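Novice: Sequence:
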Amino acid sequence: KPREWIPASNVNGMEFKFSRGTSTFNIWQKVQLDTQSASVYKNKGVITFTICNTKVYTGD
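The numbering of the sequence shown is the numbering used here, which starts it at 739 and goes up by one.
If you are wondering where the hints come from, they were derived from the structure by calculation, not from laboratory data.
Predicted, not measured: the structure shown is a model, and the values here were computed from it.
Hints may contain errors.
[As the list claims (entries may be wrong)] In silico BS3-like pairs for lysine-lysine, Cα to Cα no more than 30 angstroms straight-line:
hint	residue 1	residue 2
1	Lys-755	Lys-780
2	Lys-780	Lys-768
3	Lys-768	Lys-782
4	Lys-793	Lys-768
5	Lys-768	Lys-755
6	Lys-782	Lys-755
[Claimed, not checked] Here are the in silico distance ranges between beta carbons for each label pair:
hint	residue 1	residue 2	range
7	Leu-771	Val-794	40 to 50 angstroms
8	Asp-772	Asp-798	52 to 62 angstroms
9	Asp-798	Ser-775	55 to 65 angstroms
10	Asp-798	Gln-767	38 to 48 angstroms
11	Gly-797	Arg-741	32 to 42 angstroms
12	Tyr-795	Ser-775	43 to 53 angstroms
13	Ile-744	Ser-775	36 to 46 angstroms
14	Ala-746	Val-794	19 to 29 angstroms
15	Ile-744	Asp-772	17 to 27 angstroms
16	Cys-790	Ile-765	47 to 57 angstroms
17	Ala-776	Val-749	45 to 55 angstroms
Where a beta carbon is used, it is the ideal one built from N, C-alpha and C, also for glycine.
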């Protein structure tokens, strides 16, 4: 379950850090059932993941 809902318009420019050993995370979309009918919703957007503090693999 998500800890809190963050409106999409508030996510731009935010930074999320995950602890070492975190193997999974979820991104949920909240649907307002009183104003949006049950259906499949599609849209476009960009989510950028930046991997930091990694070791360079040399093949050895």
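Novice: State for each hint whether it applies.
Specialist: Consistency of the hints with the structure:
1. Using a Cα cut-off of 30 angstroms, the hinted pair Lys-755 and Lys-780 holds, with the two alpha carbons roughly 27 angstroms apart.
2. The straight-line distance between the Cα atoms of Lys-780 and Lys-768 is roughly 13 angstroms, inside the 30 angstroms bound, and the hint therefore holds.
3. Straight-line distance between C-alpha atoms of Lys-768 and Lys-782 comes to about 16 angstroms, which keeps the hinted pair within the 30 angstroms bound.
4. Taking the CA atoms of Lys-793 and Lys-768, the gap is near 37 angstroms; set against the 30 angstroms cutoff, the hint is violated.
5. Pair hint Lys-768 plus Lys-755 holds up; C-alpha atoms about 22 angstroms apart against a cutoff of 30 angstroms.
6. Restraint check for Lys-782 and Lys-755: satisfied, since their Cα atoms lie roughly 24 angstroms apart, inside the 30 angstroms limit.
7. Taken as a hint, the range 40 to 50 angstroms holds for the pair Leu-771 and Val-794, whose Cβ atoms sit roughly 48 angstroms apart.
8. Range check, Asp-772 to Asp-798: about 59 angstroms between beta-carbon atoms, so the 52 to 62 angstroms window is met.
9. In this structure, Asp-798 and Ser-775 meet the distance hint of 55 to 65 angstroms, their C-beta atoms being roughly 56 angstroms apart.
10. About 43 angstroms separates the C-beta atoms of Asp-798 and Gln-767, a value consistent with the hinted range of 38 to 48 angstroms.
11. Under the hint 32 to 42 angstroms, the C-beta atoms of Gly-797 and Arg-741, about 40 angstroms apart, fit the expected range.
12. The supplied range of 43 to 53 angstroms is met by Tyr-795 and Ser-775, whose beta-carbon atoms lie about 48 angstroms from each other.
13. Between Ile-744 and Ser-775 the Cβ separation comes to about 24 angstroms, which falls outside the hinted range of 36 to 46 angstroms.
14. In this structure the hint that Ala-746 and Val-794 lie 19 to 29 angstroms apart at CB is violated, the actual value being about 35 angstroms.
15. As the Cβ distance of Ile-744 to Asp-772 is approximately 20 angstroms, the hint placing it in 17 to 27 angstroms holds.
16. Checked against the hint of 47 to 57 angstroms, the C-beta distance between Cys-790 and Ile-765 comes to roughly 19 angstroms, which is inconsistent with it.
17. In this structure the supplied range 45 to 55 angstroms is violated for Ala-776 paired with Val-749, their Cβ-Cβ distance being about 24 angstroms.
Consistency note: the structure conflicts with the earlier hints numbered 4, 13, 14, 16, 17.
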